[in-house]
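These protein sequence lines map, in sequence, to chains A and B. Numbering follows this note's numbering, in which position 105 of the first sequence is assigned residue number 666; successive positions increment by one, without gaps. Numbering follows this note's numbering, in which position 284 of the second sequence is assigned residue number 563; successive positions increment by one, without gaps.
Don't read these hints as lab results, they were simulated from the structure. There could be a bad hint or two in this list.
Stated by the list, open to error - Distance condition first, Cα-Cα at most 16 Å in a straight line; then the derived EDC-like pairs of lysine to aspartate or glutamate: (1) K385(B) with E423(B); (2) K759(A) with D375(B); (3) K322(B) with E486(B); (4) K864(A) with E423(B); (5) K513(B) with E486(B); (6) K385(B) with D375(B); (7) K349(B) with E326(B); (8) K548(B) with E562(B); (9) K746(A) with E486(B); (10) K863(A) with E492(B); (11) K413(B) with E747(A); (12) K864(A) with E462(B); (13) K413(B) with E761(A); (14) K351(B) with E506(B); (15) K430(B) with E761(A); (16) K759(A) with D399(B).
What the hints assert, rightly or not - Selected chain A positions facing chain B (in silico; Cβ < 10 Å): (17) A677; (18) D678; (19) L742; (20) V744; (21) R749; (22) A754; (23) T758; (24) K864.
As the list claims (entries may be wrong) - If you want the ones that stay clear, here's a sample from chain A, every Cβ over 10 Å from chain B, calculated: (25) D575; (26) K587; (27) A595; (28) L598; (29) R632; (30) K710; (31) A757; (32) I780.
Glycine included, C-beta positions come from ideal geometry on N, C-alpha and C.
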Amino acid sequence: MSYENRYSDELGQDPVLKKKTARRKKQELYQKTAFLLIKLSAAAAILTLIIIIGDIVLKGYPAVTIEFLTRMPVNQMTEGGILPCVIGTVELILLSLLTAVPLGVIAAVYMTEYAADGKIKCAVEEAVNTLAGTPSVIFGLFGMALFIKYIGLPQSLLTASLTMGLLIMPVIIRTTQEALLAVPKEYREASRALGATKWETIRCVILPAAYSGLITGIIISVGRAAGETAPILFTGAVYYYPKLPDSVFSPFMALSYHLYVLATESMNIELTRSLQYGTALVLLAIVFSMNLIAAGVRRHYKKKLSSN
Amino acid sequence: MNATESKNAFSYEDTLSFENAIGFENKYLYEQDPAFSPEMNRKKAIEVKDLNLWYGGNQALKKIYLDIPKNKIFSLIGPSGCGKSTFLRTMNRMNDMISNCRIEGKVCVDGENIYGKGIDVTGLRKRVGMVFQKANPFPMSIYENIAYGPKIHGVSKKEIPGIVEESLRCAALWDEVKDRLKEPALSLSGGQQQRLCIARTLAVKPEVILFDEPCSALDPISTGKIEELMAELKKDYTIVIVTHNMHQAARISDCAAFFLSGELIETGKTAQIFENPQDKRTEGYITGRFG
Chain A
562 MSYENRYSDE LGQDPVLKKK TARRKKQELY QKTAFLLIKL SAAAAILTLI
612 IIIGDIVLKG YPAVTIEFLT RMPVNQMTEG GILPCVIGTV ELILLSLLTA
662 VPLGVIAAVY MTEYAADGKI KCAVEEAVNT LAGTPSVIFG LFGMALFIKY
712 IGLPQSLLTA SLTMGLLIMP VIIRTTQEAL LAVPKEYREA SRALGATKWE
762 TIRCVILPAA YSGLITGIII SVGRAAGETA PILFTGAVYY YPKLPDSVFS
812 PFMALSYHLY VLATESMNIE LTRSLQYGTA LVLLAIVFSM NLIAAGVRRH
862 YKKKLSSN
Chain B
280 MNATESKNAF SYEDTLSFEN AIGFENKYLY EQDPAFSPEM NRKKAIEVKD
330 LNLWYGGNQA LKKIYLDIPK NKIFSLIGPS GCGKSTFLRT MNRMNDMISN
380 CRIEGKVCVD GENIYGKGID VTGLRKRVGM VFQKANPFPM SIYENIAYGP
430 KIHGVSKKEI PGIVEESLRC AALWDEVKDR LKEPALSLSG GQQQRLCIAR
480 TLAVKPEVIL FDEPCSALDP ISTGKIEELM AELKKDYTIV IVTHNMHQAA
530 RISDCAAFFL SGELIETGKT AQIFENPQDK RTEGYITGRF G
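Work out the full structure: start from the sequences and follow the hints.
Okay, here's the thing in structure tokens:
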């Protein structure tokens, strides 16, 4: 008998070692199962995304022609293009960002940099969290009640953008707050030690260092502003408007609402199937390209700020 | 000691040995002698009188009296938590940013009490610069890092490139970075980043520079460069340095003060503190019996 065999025989008979080996095997099994589950859920998420996007791209691709993008809808929206919806959606996104980003950033700066820890700050933070989780239809109704019934604005692009701005503001506030909190304390100290005031420190050091987090907030907001239908339903988006919006006070068509109308309320739902897919594809493309721009800006800042 | 002798004791070194001879508290009784104080004042960059500091209910500095001479390197030594960093931060009022911190007593920079009424804290911090333990360049380019201070203090745009070059030269960094001023400061090595921070402090033209353990995160070569730099800087600036490294204190500083649990135990010329400490506790710390 060789030395090795004898050794392994002895090992095999040792009860303590046997127990240890069994335990280790059990642990390995656990680990493998856990990894498998994690991989499966990741795969499920990616697969769902691929199926949805793939379906829309495949079925919508033939419908998207230059004419589709540059013409008005005709023949009771069963033919023609979606130009007013594209313009309406892009304007809606930009205008709601224009209202929500400055206000949201200022609120976040106040809450992280100026407000003293206490009940009021805590209450405001809870309020922001609750707002972020409030269903969009509530925002729509609130926007209608406040801007249209109370203030007396018309059903228009402006009103819809203000309402949408309210909806995305909590997201902007929260992401900005997190970005500001992630700026290392050392930067603040260094700036103050050079004789900078608190505001100079925030403006010149902290906000620039937080840009990339801020842009993440904007990316999330763009997706919501483009997709949410309830907030604009009561405040400005219309079933059919034969002109391009000529001012912020005119009603407008939006891709999300147009899609809803085509899919549920049009004269002939089957007939417009390809138009529906085309509209969905264009909506996706708009959100995606805006995110791409934002990600590009974020990368530019990261590159400028740090070594990698 | 009598009055005639004291009138001759004009140089700072003599004063130090005199202080140590008569004991610390007595010195301040003595200092009220009008014949003595003008000369002292001219040589003092910072003068601390009866300084007490609390974090909440916890007293972190107890009755500190200390004079810091001009154009010298003054090191503050002592074990962790003894209050030396806290003390350093009282000199440019960085403790103001801590909400439960309370300070009593006087800290005079150039004869002016910085805890007095109507003091412009940002102006003070311009005069008393600070370099931190961890190199903390801003996430901007090398150039912008240096230009930041002069910019916020309203220096005209034309002068800034000159200030940037001069500051980088003073911090012995110019030759290493002159071709890459537009690159991010965070791409520099740790030692270069710390010299950049020194250059950034120099750019606002302070009188005093506070160093809070500036070399504790650096390798010996970078440490050597910073020490050389400090020796160079003391010609134009007063330097106060907190250090854990006893050898460093002995190597570079002219004067030293030993802190223990919020109290100033002993101060004097570095050579004296290290070779002939008057207090048992100082001796114990320096010879490595505790701390």
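Against the structure, the hints:
{"no.": "1", "hint": "K385(B) with E423(B)", "result": "violated (36 Å)"}
{"no.": "2", "hint": "K759(A) with D375(B)", "result": "holds (12 Å)"}
{"no.": "3", "hint": "K322(B) with E486(B)", "result": "holds (13 Å)"}
{"no.": "4", "hint": "K864(A) with E423(B)", "result": "holds (15 Å)"}
{"no.": "5", "hint": "K513(B) with E486(B)", "result": "holds (10 Å)"}
{"no.": "6", "hint": "K385(B) with D375(B)", "result": "holds (15 Å)"}
{"no.": "7", "hint": "K349(B) with E326(B)", "result": "holds (11 Å)"}
{"no.": "8", "hint": "K548(B) with E562(B)", "result": "holds (14 Å)"}
{"no.": "9", "hint": "K746(A) with E486(B)", "result": "violated (25 Å)"}
{"no.": "10", "hint": "K863(A) with E492(B)", "result": "violated (30 Å)"}
{"no.": "11", "hint": "K413(B) with E747(A)", "result": "holds (8 Å)"}
{"no.": "12", "hint": "K864(A) with E462(B)", "result": "holds (10 Å)"}
{"no.": "13", "hint": "K413(B) with E761(A)", "result": "violated (22 Å)"}
{"no.": "14", "hint": "K351(B) with E506(B)", "result": "holds (13 Å)"}
{"no.": "15", "hint": "K430(B) with E761(A)", "result": "holds (10 Å)"}
{"no.": "16", "hint": "K759(A) with D399(B)", "result": "holds (14 Å)"}
{"no.": "17", "hint": "A677", "result": "holds (8 Å)"}
{"no.": "18", "hint": "D678", "result": "holds (9 Å)"}
{"no.": "19", "hint": "L742", "result": "violated (16 Å)"}
{"no.": "20", "hint": "V744", "result": "holds (9 Å)"}
{"no.": "21", "hint": "R749", "result": "holds (8 Å)"}
{"no.": "22", "hint": "A754", "result": "holds (4 Å)"}
{"no.": "23", "hint": "T758", "result": "holds (6 Å)"}
{"no.": "24", "hint": "K864", "result": "holds (8 Å)"}
{"no.": "25", "hint": "D575", "result": "holds (49 Å)"}
{"no.": "26", "hint": "K587", "result": "holds (44 Å)"}
{"no.": "27", "hint": "A595", "result": "holds (37 Å)"}
{"no.": "28", "hint": "L598", "result": "holds (39 Å)"}
{"no.": "29", "hint": "R632", "result": "holds (48 Å)"}
{"no.": "30", "hint": "K710", "result": "holds (45 Å)"}
{"no.": "31", "hint": "A757", "result": "violated (5 Å)"}
{"no.": "32", "hint": "I780", "result": "holds (21 Å)"}
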